[in-house]
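Using the sequences provided together with the hints, build the complete structure.
Now for the letters of each chain:
There are 2 protein chains.
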Amino acid sequence: MNKLLDTFSDIKVSTNPEDLICYSFDASGIEASPSAIVWPNNTEDVVKIMKYTHDNSIPVVPRGAGTGTTAGAVPLKGAIILSFEKMKKILDIDPENLNVLCEPGVINGKLQRELEWKGLFYPPDPASMNFCTIGGNVAENAGGPRAIKYGVTRDYVMEIEAVLPNGELIKTGVKTAKGVVGYDLARLFVGSEGTLAVFTKIRLKILPLPEEVITLLAIFQNLESAGDAVSRIISSKIIPRTLEFMDREAILAVENFKPVGLPEDAEAILLIEMDGHPAAIKKEAEKTLEICEHLGADIKMAEDEYARNNLWASRRAVSPALYHIKPAKISEDIVVPRNRITEMLKRLRKLSEESRIKIVNFGHAGDGNIHVNIMVDKNIKDEYEKGLMLVKEVFSHTLSLGGTISGEHGIGLTKAPYIEMELSKTESNIMRAIKKVFDPKNILNPGKIFPDNCTGQQKP
Amino acid sequence: MNKLLDTFSDIKVSTNPEDLICYSFDASGIEASPSAIVWPNNTEDVVKIMKYTHDNSIPVVPRGAGTGTTAGAVPLKGAIILSFEKMKKILDIDPENLNVLCEPGVINGKLQRELEWKGLFYPPDPASMNFCTIGGNVAENAGGPRAIKYGVTRDYVMEIEAVLPNGELIKTGVKTAKGVVGYDLARLFVGSEGTLAVFTKIRLKILPLPEEVITLLAIFQNLESAGDAVSRIISSKIIPRTLEFMDREAILAVENFKPVGLPEDAEAILLIEMDGHPAAIKKEAEKTLEICEHLGADIKMAEDEYARNNLWASRRAVSPALYHIKPAKISEDIVVPRNRITEMLKRLRKLSEESRIKIVNFGHAGDGNIHVNIMVDKNIKDEYEKGLMLVKEVFSHTLSLGGTISGEHGIGLTKAPYIEMELSKTESNIMRAIKKVFDPKNILNPGKIFPDNCTGQQKP
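If you're matching them up, the sequences are chains A and B in order.
One gets our numbering by counting positions in the first sequence from 1 and adding 643 to each.
One gets our numbering by counting positions in the second sequence from 1 and adding 643 to each.
Since the hints were derived computationally from the structure, they do not count as laboratory data.
Be aware that one or more of the hints could be misleading.
Heads up, the list lumps identical chains together, so a pair's fine if it works in one copy or across two of them.
To be verified - Lysine-lysine pairs mimicking DSSO-like chemistry, simulated, CA-CA at most 30 Å apart:
| hint | residue 1 | residue 2 |
| --- | --- | --- |
| 1 | Lys930 | Lys880 |
| 2 | Lys792 | Lys926 |
| 3 | Lys753 | Lys880 |
| 4 | Lys1035 | Lys1024 |
| 5 | Lys1029 | Lys1001 |
| 6 | Lys814 | Lys1079 |
| 7 | Lys694 | Lys1068 |
| 8 | Lys732 | Lys792 |
| 9 | Lys844 | Lys1079 |
| 10 | Lys1068 | Lys844 |
| 11 | Lys972 | Lys1001 |
| 12 | Lys814 | Lys1084 |
| 13 | Lys972 | Lys901 |
| 14 | Lys848 | Lys814 |
| 15 | Lys753 | Lys792 |
| 16 | Lys1079 | Lys1035 |
| 17 | Lys880 | Lys814 |
| 18 | Lys732 | Lys1068 |
| 19 | Lys814 | Lys989 |
| 20 | Lys1079 | Lys1068 |
| 21 | Lys880 | Lys731 |
| 22 | Lys1001 | Lys1035 |
| 23 | Lys926 | Lys761 |
| 24 | Lys848 | Lys1068 |
| 25 | Lys848 | Lys925 |
| 26 | Lys1035 | Lys848 |
As structure tokens, then:
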């Protein structure tokens, strides 16, 4: 890689062992050492680097903040890491045309704050929003609690400037609200997990900031009632901006780790938020309250920032609480049609009882998107293997209920062994052929999404 | 084609000359005779037909209602027409999961009415909604006036069952609100103009029906003020559900054809509609009124169905009025960033003055989507050729303002000669390679989108 260092005198390149270690893993916990890290400053740098790596058949892995949970940014095959830490400018906020142009390294939360300050709003809010980058969000089609009302990253991407694996620069999508000129390459790039092209600029649609927010916390004595509440709220023509869920195990984990005062006999909680015009959301909140109370829930309501933060405290504490119990747990993000949530949660409980492995569930009930946490230790071989068997069963139940094995985490490396449980051979062959159109040398994030040459949850 | 007739004893096939004539053109006015028309009854029939046409290398053109304006459904190369008139069932309306499963031949307007009756809402509303089909809407990524607030067809497609050119059946996308498993083939199909796969079932996202609607008609004495009003409304954090525009020529055409009482000195009108909670839209309407009045507009407001229909009368009369003047006009659907509308309209006026060809403009100002009508007669060679020269200039101005040459009509045959004004060689090569992945024999709607073997606006 010394040649690489020499080639790009104006681009920061490192092969220091400490850098190689820092960039060898992401939030999946899987590790593989890159052969170098390169930090481009601008589009031209990315073009230069990609031309060089193409000519020399060197694999490349684009990386945002490494917050992905399916090992999308883990460099296989001695790839070099293309890190976007220096390309983090918000290039243009356009309130008249309601869009924003970003470099891929912009932090989602930073963008949110800049926009809110101007009365504008970028809805996708993944849990890692204070760290994760817009480039990574687009690559993974990131979601978040607000997806139930506002959709996912895909719904906000207008235009992408990207560099192909051979170093060619393309601009796809449009600056305008509409456009149908040829196939939708911009949308094909969304969720492509860094396997088709490297993004260098992204234009996102934005919205006016909603006027007001009301937050409700509903505590249920049984699971069915919580599931019923989700269906009934939506059937009542209310689309909350979040409809978050935690099961009994998640509540206990939080109360043990950082007590927020949830009753010990609670079986499930829903955290429900409405946004919009004050009169409109007041009416929605009243109706929601009525539905939940009718189902036996105990309700708390918050209309200001301070009270809201208190209600969110439990939901925000779940992830840290679970890492506290098992730092190396298996975490999945299945989705079922929202009226099948209760059924899915019952099946998860049964699987847990049968296998004697604790399963903790929380997530975005409004979307049917459940974060299923299988509480095994990846570092204990026996336990881990039992966990993996359970993953397969979880996926199989999910699919039988009309669901999907990934709502917002993507496939990466960890779910690649399971992708053909969901996709037919024909579909996956078409996807592979599309990959080949963009990357015939298979040098852009190789080994991801498709099960060839990857070892799934195992360390590669 | 007699063999075709024999092969499918249970599927209606016709080679009657009168049928061949009826299916030889669409709303583009371009004609080419098919060699037969086939009416499948269900998915299995489509699979059978596609296997047969693939084995015998017979080109196939899927067709909804033939309302497309870019000749997408016109059969080139003696293709057979696959007509979806018998596959028009709404298979399932699911209010709990907020989606609807349709066969491709379902009429958009019929779906709208069925849903509204249940308090549900499918926003995309192309002008031809009372005739056009959901299958065609997905193939063209149809828009409509409500796109400014609610987006286009793409934003509502969840899952597509489709038959590939070789007869293989695939199911792509998900039943759930979220899903990131492999590349987004469902979205790649949206706007692919019947060139990648034939749709047999489509699952669409739906919404609760908005509670109330307020309609405003604003009449402006000058073009700039109307353009400014569009920008200021959006900058004031108001997203109307429609923000429609008509220029002076369009107003005159309507008043001559079917007078609705618009003042003769009006330079432009905006038709603005808000929907949602009564208190919320009342406030939005007041603010909009203030903005328009401040810019010198004369305003009419409607809060009930009858008054609303009166305000819409002028906008609805534009298309028939223009066909009355020149039945064979050239009609384009460019888009510019919404704050460039005034500039674009000024350039269009200048082009019209210089060429001495009348250009009439109306459309979806809120999206920057202008329907540019070049009032020439396609049947008079000289006039038509001058019109075509003008099309090229219109596109070139559109692109220089950061726009796109098609907002909702697609490329089809009529815009194919211009597609490379917008797409780079690299982009169009990738799209062609993707076409090849799906259709290596080039038998599904051949000659569309990509400029090879097509003669654009000329009769093929």
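Fill in: Homomeric proximity label, lysine 848 with lysine 814: Cα distance no greater than 30 Å
Both ways: lysine 848 and lysine 814 sit 16 Å apart in one copy and 29 Å across, limit 30 Å.
Worksheet entry | 30 Å Cα threshold - placement of lysine 1079 relative to lysine 814 | Intra 20 Å, inter 22 Å, cutoff 30 Å: intra and inter.
Worksheet item: Which holds for lysine 753 with lysine 792 at a C-alpha limit of 30 Å: within a copy, between copies, both or neither?
Response: both (22 Å within a copy, 26 Å between copies)
Discussion item. Treating 30 Å as the Cα threshold, decide for lysine 1079 and lysine 1035: within, between, both or neither.
Written reply: within (29 Å within a copy, 35 Å between copies)
Worksheet item: Are the CA atoms of lysine 1001 and lysine 1035 at most 30 Å apart within a copy, between copies, both, or neither?
Response: For lysine 1001 and lysine 1035, the Cα distance is within 30 Å only inside one copy (16 Å; across copies 66 Å).
Worksheet entry | Homo-oligomer pair classification [lysine 926, lysine 792; C-alpha up to 30 Å] | both (17 Å within a copy, 22 Å between copies)
Worksheet entry | Homo-oligomer pair classification [lysine 761, lysine 926; C-alpha up to 30 Å] | both (28 Å within a copy, 20 Å between copies)
Fill in: 30 Å Cα threshold - placement of lysine 925 relative to lysine 848
Both: 28 Å inside a copy, 26 Å across copies.
Practice prompt. At 30 Å max between alpha carbons, let me know whether lysine 694 reaches lysine 1068 within a copy, between copies, both or neither.
Written response: For lysine 694 and lysine 1068, the Cα distance is within 30 Å only across copies (18 Å; inside one copy 33 Å).
Worksheet item: Using 30 Å as the alpha-carbon threshold, which applies to lysine 1035 and lysine 1024: within, between, both, or neither?
Response: within (17 Å within a copy, 66 Å between copies)
Worksheet item: How do lysine 732 and lysine 1068 come out at 30 Å by Cα distance, when the copy is not named: within, between, both, or neither?
Response: between (41 Å within a copy, 29 Å between copies)
Fill in: Alpha-carbon proximity between lysine 1068 and lysine 844, which holds within one copy, between copies, both or neither at 30 Å
between (34 Å within a copy, 20 Å between copies)
Of the numbered hints given earlier, the model fails none.
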